[in-house]
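Trainee: One-letter residues, chain by chain:
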Amino acid sequence: MVDKKRTFIQAVAAFLQNAHIAGFFTGRIYDGGGKRICVPGLNCYSCPGALGACPLGSLQNAVSVWKFRFPCYVLGLMMFFGASFGRLICGFLCPFGFLQDMLFAVPAPKKLRTFRGDGYLRYLKYFVLLFMVIILPFAYKYTPFFCKYVCPSGTLSGILLSAADSRLRDIMGWLFTWKVLVLAAIVLASMAISRPFCKYICPLGAFYALFNRVSAVRLNVDREKCVNCGVCAEVCDMAVDPAASPNHTECIRCGKCVKSCPHGAICFTAFSKPVGARGVPEKKV
Amino acid sequence: MKERGRNILTAALMTAAAILAAAGVAMGQQEQVLAKAMRICLECIGIG
Chain P
15 MVDKKRTFIQ
25 AVAAFLQNAH
35 IAGFFTGRIY
45 DGGGKRICVP
55 GLNCYSCPGA
65 LGACPLGSLQ
75 NAVSVWKFRF
85 PCYVLGLMMF
95 FGASFGRLIC
105 GFLCPFGFLQ
115 DMLFAVPAPK
125 KLRTFRGDGY
135 LRYLKYFVLL
145 FMVIILPFAY
155 KYTPFFCKYV
165 CPSGTLSGIL
175 LSAADSRLRD
185 IMGWLFTWKV
195 LVLAAIVLAS
205 MAISRPFCKY
215 ICPLGAFYAL
225 FNRVSAVRLN
235 VDREKCVNCG
245 VCAEVCDMAV
255 DPAASPNHTE
265 CIRCGKCVKS
275 CPHGAICFTA
285 FSKPVGARGV
295 PEKKV
Chain W
1158 MKERGRNILT
1168 AALMTAAAIL
1178 AAAGVAMGQQ
1188 EQVLAKAMRI
1198 CLECIGIG
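If you read the protein sequences in the order shown, they are chains P and W.
Last residue of the first sequence: number 299 in the numbering used here, and the count goes up by one each step with no gaps.
Last residue of the second sequence: number 1205 in the numbering used here, and the count goes up by one each step with no gaps.
FYI, nobody ran anything at the bench for these hints, they're computed from the structure.
Quick reminder that beta carbons are idealized off the backbone N, C-alpha and C, glycines included.
Do not take every clue at face value.
[Stated by the list, open to error] Distance condition first, Cα-Cα at most 16 angstroms in a straight line; then the derived EDC-like pairs of lysine to aspartate or glutamate:
id, chain 1, residue 1, chain 2, residue 2
1, P, Lys-287, W, Glu-1160
2, P, Lys-287, P, Asp-236
3, P, Lys-155, P, Asp-184
4, W, Lys-1159, P, Asp-236
5, P, Lys-239, P, Asp-251
6, P, Lys-239, P, Glu-264
[What the hints assert, rightly or not] If you want a taste of the chain P side facing chain W, the calculated C-beta under 7 angstroms gives, among others:
id, residue
7, Ile-43
8, Asp-45
9, Ala-67
10, Pro-158
11, Gly-168
12, Thr-169
[What the hints assert, rightly or not] To list a few chain P residues with every Cβ distance to chain W over 12 angstroms, as calculated:
id, residue
13, Ala-28
14, Phe-29
15, Ala-33
16, Cys-52
17, Val-120
18, Phe-145
19, Leu-170
20, Ala-257
21, Glu-264
22, Gly-278
Whenever a hint applies, use it, and build me the whole structure from the sequences.
Mentor: Shown next as structure tokens:
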């Protein structure tokens, strides 16, 4: 089931964050003032189309410079995004999340909803956030570990840039090969599992997950209407049970549960005030 | 946690985040972000 409205919002968000179209043809990235501002989702600032800065890249750069100053600006922006929307950003605004959703729509022999060890593997992203984004870049100066060894968004940027610039192609070596392998693994996994990168690896998703229970935009379940039919848990691609835990750290607030609830028991709220539709109205017999 | 308490916590977090970001701007940290983002990051694209 593809939510056309959400897909449209995701496409617009991805376009707006990568609207420097000329860069895709010239291989030159945008270097204007817009890059002072971090975008909310995972979008490499070296992407030829990127108009803003990647929050994760900026955070790693801030903690890895020789004269360390507490990264007030980047952390403040990230906290503001998190406290306002939580992981709604993953579900609606992140270009890499959008790419994974598109890949999951590709027909595959088997679609896995969950598997043994899935729950434990989801803690990996917190480890990546702590070690690859904060501790290692702080300990080993000038090395953004996550960007350098893992980030698939950066690899995509590298592929796009090298397609337009032959000089870059000439100096690519083992590191690029490694990153392409990581990207290929994520692409293949995305066809069988919904958003594997978001579930297991993404440190930005891990950061926003810390705010999911207290963000301004939340999901609310009306306990008087909910009959625990389990439909919401069945449709959830993140394998969350919204009726039991509507603001679970794994919930990306895609809104599938809101739309599928046969009793209209789930809705989005902003500071506890309902926003948007409540889903499918109950059919009268 | 009750909804009212949660909303107060949300507002406090948003305010603290805005103050933190504003303090960063006052210290010129947005220029540090720009300086990094305006050039191709060789590590990010898998070269450096």
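Trainee: Evaluate each hint against the coordinates.
Mentor: Structure-based check of each hint:
Under the criterion of a C-alpha separation no larger than 16 angstroms, the hint pairing Lys-287 (chain P) with Glu-1160 (chain W) is consistent with the structure, at around 10 angstroms. Simply put, Lys-287 (chain P) and Asp-236 (chain P) have alpha-carbon atoms about 12 angstroms apart, close enough for the 16 angstroms limit, and the pair holds. Pair hint Lys-155 (chain P) plus Asp-184 (chain P) does not hold up; C-alpha atoms about 27 angstroms apart against a cutoff of 16 angstroms. Our distance criterion of 16 angstroms between C-alpha atoms is met by Lys-1159 (chain W) and Asp-236 (chain P), whose separation comes to about 15 angstroms.
With a CA separation close to 23 angstroms, the supplied pair Lys-239 (chain P) and Asp-251 (chain P) exceeds the 16 angstroms bound. Only pairs whose Cα atoms come within 16 angstroms are accepted, and Lys-239 (chain P) paired with Glu-264 (chain P) is rejected, the gap being roughly 24 angstroms. Checking Ile-43 (chain P) against chain W: minimum C-beta separation of about 6 angstroms stays under 7 angstroms; hint holds. Against a cut-off of 7 angstroms between C-beta atoms, the interface hint on Asp-45 (chain P) holds, since the closest Cβ of chain W lies about 4 angstroms away.
With its C-beta approaching chain W no nearer than about 4 angstroms, Ala-67 (chain P) sits inside the 7 angstroms limit, and its interface hint holds. With a least beta-carbon distance of about 5 angstroms to chain W, the hint placing Pro-158 (chain P) at the interface is held under the 7 angstroms criterion. The beta carbon of Gly-168 (chain P) comes within 4 angstroms of a beta carbon in chain W, closer than 7 angstroms, and the hint placing it at the interface holds. Contact between Thr-169 (chain P) and chain W, as hinted, is supported at the beta carbon level, the nearest pair being about 6 angstroms apart and thus within 7 angstroms.
No Cβ of chain W comes within 12 angstroms of the Cβ of Ala-28 (chain P); the nearest lies about 18 angstroms off, and the non-interface call holds. Consistency note on Phe-29 (chain P): stated as away from chain W, and its beta-carbon is indeed over 12 angstroms from all of that chain's, at 19 angstroms minimum. Non-interface call for Ala-33 (chain P) relative to chain W: holds, since the shortest CB-CB distance, roughly 15 angstroms, exceeds 12 angstroms. Interface exclusion of Cys-52 (chain P) from chain W breaks down, the closest Cβ pair being 7 angstroms apart, not more than 12 angstroms.
For Val-120 (chain P), the condition that its CB be more than 12 angstroms from all CB atoms of chain W holds, with the nearest at approximately 25 angstroms. Consistency note on Phe-145 (chain P): stated as away from chain W, and its beta-carbon is indeed over 12 angstroms from all of that chain's, at 17 angstroms minimum. Residue-level check failed: Leu-170 (chain P) sits 9 angstroms from the nearest beta carbon of chain W, not beyond 12 angstroms. Every Cβ of chain W is farther than 12 angstroms from the Cβ of Ala-257 (chain P); the closest lies at roughly 18 angstroms, confirming the non-interface assignment.
Listed as outside the interface, Glu-264 (chain P) is consistent with that label: its C-beta sits roughly 19 angstroms from the nearest C-beta of chain W, beyond the 12 angstroms cut-off. With a cut of 12 angstroms on Cβ distances, Gly-278 (chain P) stays outside the contact zone with chain W, its closest approach being about 19 angstroms.
When the structure is compared with the earlier hints, violations turn up for hints 3, 5, 6, 16 and 19 and for no others.
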